[in-house]
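Produce the complete structure using the sequences and hints provided.
Sequence lines, in order, name chains A and B. Each residue of the first sequence is one higher than the last, beginning at -2 in my numbering. Each residue of the second sequence is one higher than the last, beginning at -2 in my numbering.
Honestly, the hints are just simulated from the structure, not real lab data. Be aware that one or more of the hints could be misleading.
Put simply, identical chains are the same to the list, so a pair is met inside one copy or across any two.
Heads up, simulated SDA-like pairs for lysine to any residue below, C-alpha to C-alpha not over 20 Å straight-line [said to hold, decoys possible]:
#1 84 x 103
#2 84 x 113
#3 84 x 30
#4 84 x 107
#5 84 x 55
2 protein chains.
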Amino acid sequence: MSDHEEASLSIRINLANGGRFGPGKAALLRAIAEAGSIRAAAQALSMSYPRALKLIEEMNADFADPLVQSSVGGSERGGSALSDTGKAVLAAYDDVCAEAGNSTGVILERLSSLQSLDQG
Amino acid sequence: MSDHEEASLSIRINLANGGRFGPGKAALLRAIAEAGSIRAAAQALSMSYPRALKLIEEMNADFADPLVQSSVGGSERGGSALSDTGKAVLAAYDDVCAEAGNSTGVILERLSSLQSLDQG
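Encoded structure:
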């Protein structure tokens, strides 16, 4: 009900084992689920393929099971898909962002009322 | 009640005007409030003085009033302090982090149960 646009949150989760999971890795998992391959996902995100592989390697090490796996089945070409763990991690991240956004709306309104209005 | 340490959140607030406020700026404001000068605050954070000035300049532009101001009063040396707006912004950020942490505890437990246990 305010006349300014909403502020938003960018959230990174710091795991107890030292692993980190934030917007970049979430976007990559989401893109892999949609595109069906790591290469296509990287392309869709304007991310280099080596960078995508590095992030996946990190994620696969941070969790007990790999988050991204080969999607065998079709014989034409080997794509990639999210494992059950990958789906669960992405869903949990989305839940964290949704809950955090919901619970902080009033505070963000208060903070937004303090911002300058002369910027693009 | 789990046997793993807690996961934690790192939160950045994206203002509607394009400004961003996250852990680094919050730490700087807190250090200025404690140390009473920008230089001492930067030193306490192992941050370069130019970097601290740049962050303050950004913050002062992102909000309607400056967040950091000269603490005149004592004649000995010019220190710095948080303005009322600076105190309000830092308090709002801390509130956002506290609320987000509280509201996502159960999800973070769920996510933590998926992490690998073989890392430092």
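- Message: Treating 20 Å as the Cα threshold, decide for residue 84 and residue 55: within, between, both or neither.
- Response: For residue 84 and residue 55, the Cα distance is within 20 Å only inside one copy (16 Å; across copies 38 Å).
- Measure nothing new, just compare the shortest in-copy and cross-copy C-alpha distances for residue 84 and residue 107 to 20 Å and report within, between, both or neither. between (35 Å within a copy, 13 Å between copies)
- Query: Using 20 Å as the alpha-carbon threshold, which applies to residue 84 and residue 113: within, between, both, or neither?
  - Reply: Close across copies (16 Å), not inside one copy (40 Å); limit 20 Å.
- Between copies, within a copy, both or neither: which fits residue 84 and residue 30 at Cα up to 20 Å? So residue 84 and residue 30 pass the 20 Å test inside one copy only (9 Å; across, 43 Å).
- Query: For the identical chains here, do residue 84 and residue 103 meet the 20 Å Cα criterion within one copy, between copies, both, or neither?
  - Reply: Classified as between; 18 Å across copies, 31 Å inside a copy.
Hint violations for this structure: none, all hints satisfied.
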